[in-house]
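Student: One-letter residues, chain by chain:
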Amino acid sequence: KQEVTQIPAALSVPEGENLVLNCSFTDSAIYNLQWFRQDPGKGLTSLLLIQSSQREQTSGRLNASLDKSSGRSTLYIAASQPGDSATYLCAAPSFSSGSARQLTFGSGTQLTVLP
Amino acid sequence: DTEVTQTPKHLVMGMTNKKSLKCEQHMGHRAMYWYKQKAKKPPELMFVYSYEKLSINESVPSRFSPECPNSSLLNLHLHALQPEDSALYLCASSQIRELYNEQFFGPGTRLTVL
Numbered sequence: 060k061q062e063v064t065q066i067p068a069a070l071s072v073p074e075g076e077n078l079v080l081n082c083s084f085t086d087s088a089i090y091n092l093q094w095f096r097q098d099p100g101k102g103l104t105s106l107l108l109i110q111s112s113q114r115e116q117t118s119g120r121l122n123a124s125l126d127k128s129s130g131r132s133t134l135y136i137a138a139s140q141p142g143d144s145a146t147y148l149c150a151a152p153s154f155s156s157g158s159a160r161q162l163t164f165g166s167g168t169q170l171t172v173l174p
Numbered sequence: 057d058t059e060v061t062q063t064p065k066h067l068v069m070g071m072t073n074k075k076s077l078k079c080e081q082h083m084g085h086r087a088m089y090w091y092k093q094k095a096k097k098p099p100e101l102m103f104v105y106s107y108e109k110l111s112i113n114e115s116v117p118s119r120f121s122p123e124c125p126n127s128s129l130l131n132l133h134l135h136a137l138q139p140e141d142s143a144l145y146l147c148a149s150s151q152i153r154e155l156y157n158e159q160f161f162g163p164g165t166r167l168t169v170l
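Going down the list, the sequences are from chains A and B. Following my numbering, the numbering of the first sequence begins with 60 at its first residue and continues without gaps. Following my numbering, the numbering of the second sequence begins with 57 at its first residue and continues without gaps.
Excised from the complex, chain A in its bound form (with noise of 0.2 Å):
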């Protein structure tokens, strides 16, 4: 059964500044890996998918990568904004094998982007 733990539960930072998001996961036999973020009371923001044959994906000043073989991803957000304060989740799929797509979630991380 895939299992998904996101560290730091929590983070607080400046503005201006880069920071990291981490995400592992126990099982490596995925295909890709998503990663969302979520406004209070809101519903899930898609931010990026990841193939597992990709090492790196961007959008804009988001940045995720996956290494398969260590179960690990990170998100890299830079030069942080206070519009990015917000919980950030990845979740990666307990299985992929043609059919839908069976996502884990991690407990998320909630990010405060001081001004």
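In short, the hints are calculated from the structure, not lab data. Only a predicted model underlies this, so the values are computations on that prediction, with no experimental measurement involved. C-beta: ideal position from N, C-alpha, C; glycine also. Heads up, a few of these hints could be off.
Capping the alpha-carbon separation at 30 Å, the derived lysine-lysine pairs in DSS-like fashion look like this [stated by the list, open to error]:
(1) Lys-94/B <-> Lys-60/A
(2) Lys-60/A <-> Lys-75/B
(3) Lys-97/B <-> Lys-101/A
(4) Lys-65/B <-> Lys-78/B
(5) Lys-78/B <-> Lys-127/A
(6) Lys-78/B <-> Lys-101/A
(7) Lys-92/B <-> Lys-78/B
(8) Lys-101/A <-> Lys-92/B
(9) Lys-127/A <-> Lys-97/B
(10) Lys-74/B <-> Lys-127/A
FRET-style restraints, in silico, Cβ to Cβ [stated by the list, open to error]:
(11) Lys-96/B <-> Ala-88/A: 42 to 52 Å
(12) Lys-96/B <-> Gly-142/A: 19 to 29 Å
(13) Lys-101/A <-> Ser-128/B: 19 to 29 Å
(14) Ile-152/B <-> Leu-173/A: 21 to 31 Å
Assemble chain B onto chain A, guided by the hints.
Tutor: What follows is chain B alone, placed relative to chain A:
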């Protein structure tokens, strides 16, 4: 268009009521999902539909009854709920392809059971 819509946004119901949550997507996705999320917790999978057929039921109590009338629409029928069922209910959809199956979520329905 990468939008998943959910109605209603908020729902308050008594334990004897029957209500339904609705989810819709027009991205041509053939997988649709219901998740339940409690405060400060990650989403927990409830049901998965693949090609309009129920493929995963994560041992959800029968007071929750999903329905997928067509490839764009997903419903969750609620009956005789308990106060502990109060949560944010999220719908998601994705393609059914191993590599390109990014899940897109709706804004959720905030359910309160009195």
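Student: Run every hint past the structure and note whether it holds.
Tutor: Evaluation of the provided hints:
1. Lys-94/B <-> Lys-60/A: Since the Cα atoms of Lys-94/B and Lys-60/A sit roughly 22 Å apart, the hinted pair holds (cutoff 30 Å).
2. Lys-60/A <-> Lys-75/B: 33 Å, violated
3. Lys-97/B <-> Lys-101/A: 13 Å, holds
4. Lys-65/B <-> Lys-78/B: Status holds; Cα separation ~10 Å.
5. Lys-78/B <-> Lys-127/A: 37 Å, violated
6. Lys-78/B <-> Lys-101/A: Since the Cα atoms of Lys-78/B and Lys-101/A sit roughly 16 Å apart, the hinted pair holds (cutoff 30 Å).
7. Lys-92/B <-> Lys-78/B: Measuring from Cα to Cα gives roughly 14 Å; hence the hint holds.
8. Lys-101/A <-> Lys-92/B: Within the cut-off at roughly 13 Å; holds.
9. Lys-127/A <-> Lys-97/B: The given pair, whose Cα atoms are some 25 Å apart, holds under the 30 Å limit.
10. Lys-74/B <-> Lys-127/A: 45 Å, violated
11. Lys-96/B <-> Ala-88/A: 42 to 52 Å: 30 Å, violated
12. Lys-96/B <-> Gly-142/A: 19 to 29 Å: 22 Å, holds
13. Lys-101/A <-> Ser-128/B: 19 to 29 Å: 23 Å Cβ-Cβ, so the 19 to 29 Å window holds.
14. Ile-152/B <-> Leu-173/A: 21 to 31 Å: 42 Å, violated
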